[in-house]
Amino acid sequence: MAIKNELIWAASPSTTRGQPTQLAADPKGERLAYASNKSVFLRSIDNPAFATQYTEHRADTTVARFSPSGYYVASGDAAGTVRVWDCVGEGITKGEYFIVSGRINDLAWDGDSQRIIAVGDGKQRYGHCISADSGNTVGQQEPTRVIHGHQKNITSIARDDTGPKETLWTGSYDGRLCSWDVGGSEMERVGGEGHPGYVAGLAAARQGGGRIYSVGWDDTIRSVDISSHSYVGNATKLSSQPKGIAAGENTVLVANFQAVEIFQDGKKTGEFLSKASLSTIAAVGTTAALGAEDSSVQIYTVTPTGLEPKANGRVSRNPITAMAFSPDGSLLAAGDSRGRIVVFKAADGTVVTDRWTAHTGRVASLAWNSKGTQLVSGALDTNIFVWSLERPGDWLEAPNAHKEGVNAVAWIADDSKGGLRRC
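According to the numbering used here, the sequence shown is numbered sequentially starting from 240.
Think of the hints as simulated: they come from the structure by calculation, not from any bench.
Yeah, the Cβ is synthetic: ideal placement off N, Cα and C, and Gly gets one too.
One or more hints might be untrue.
[Unchecked claim] Computed cross-link-like contacts, EDC-like style, restricted to lysine to aspartate or glutamate with a CA-CA straight-line distance of at most 16 Å:
hint : residue 1 : residue 2
1    : K549      : D587
2    : K507      : D458
3    : K404      : D420
[To be verified] Have a look at the derived ranges for each label pair, beta carbon to beta carbon:
hint : residue 1 : residue 2 : range
4    : D325      : E432      : 55 to 61 Å
5    : D360      : R428      : 29 to 35 Å
6    : Y365      : W456      : 38 to 44 Å
The task is simple: from the sequences and hints, build the whole structure.
Here it is, written out as structure tokens:
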């Protein structure tokens, strides 16, 4: 014999000190909707014994609103999630959408019951307008082009402007390297014997008329001739699994967990042992920066055989995950595993700005525009931000740029557009 629920006596609305208690009525004026703990109650105005309880929220609920049609309810919670559900039938959830990183304070429907706008205590945004049926952002800027060629996730990117065409080079999880003509969107796969698996980094160098150097989890460094789009020479074995690669004026630097190997024209000429556990590397001209697991940033002068200390800094308490020098080498941007970005003066390690904290996940890639005035960042939180040194408190955002996270970013088309990669 089955147990049947005959009546629900609804709990009273939850109250929070300093916050209004949100109540809503359906279009017919027959029911109230309100939040109580982790539930939402729909309660008959005429007979309080007739009530419906919605229990799918994982955090304390904060607000509930009927759609103008009267068929759906949108409810928000303290975790920044909005759920849309059927309030006429069995209470089936139509959609669950993450809006902000904090509490949802209020929400509203449009007159057609097609769109919802929610506001709350976010970190990088305080309101968001979505379509009720899919959660797509209303008015979101779309990419100008989406191009395909890799079969696996793209893991690294490098920009090359030494030839007649502006070109992006990309490496992927399966070891494939491709070049992309930015103007025409033409893709060409690099020929020859490449990495058998994960490409850990790419760096463009002017050596030999233009080369792209790649490192992979096969613990080798390989070089690609830009003009022929093919691997040249033999692969050089590295001493350990690479953490990153960077090209300077006449050198290519490969960082592993405890050291930096220095190469010239594909041949190893020196090595630098680090006291800290390394996580990433960047270089420009004769200057290099090493990011470490202890959140330290060490800046060095590069010689053919080693590195000479120049300056140091610290971002936070979290591992450094991405770095980039401005084109003139005067500034260094460093991002960490929690989404924080700090800009230093390369000459002495002085902090220029530490206000860029809108990311909520690991910073995967950083890139400066050609003037060194703006920085683009991509992170595991799926978002892309463009930051300005002139206005450090403001930024441009491309939310949900890639659902699985952004692995790499680069400026293209005279700094008017950003190229981003994740497949």
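Here is what the structure says about each hint:
1. Pair hint K549 plus D587 holds up; C-alpha atoms about 7 Å apart against a cutoff of 16 Å.
2. For the hint pairing K507 with D458, the CA-to-CA distance comes to about 14 Å; that is within 16 Å, so the pair holds.
3. Proximity of K404 to D420 is assessed by CA-CA distance (about 7 Å); at most 16 Å being required, the pair is judged to hold.
4. Checked against the given bound of 55 to 61 Å, the beta carbons of D325 and E432, roughly 58 Å apart, stay inside it.
5. Between D360 and R428 the beta carbon distance is about 47 Å. The supplied range of 29 to 35 Å is therefore violated.
6. Judged by the Cβ atoms, the range 38 to 44 Å given for Y365 and W456 holds: they are separated by roughly 41 Å.
Violated hints amount to a single one, hint 5; each of the other numbered hints is respected by the structure.
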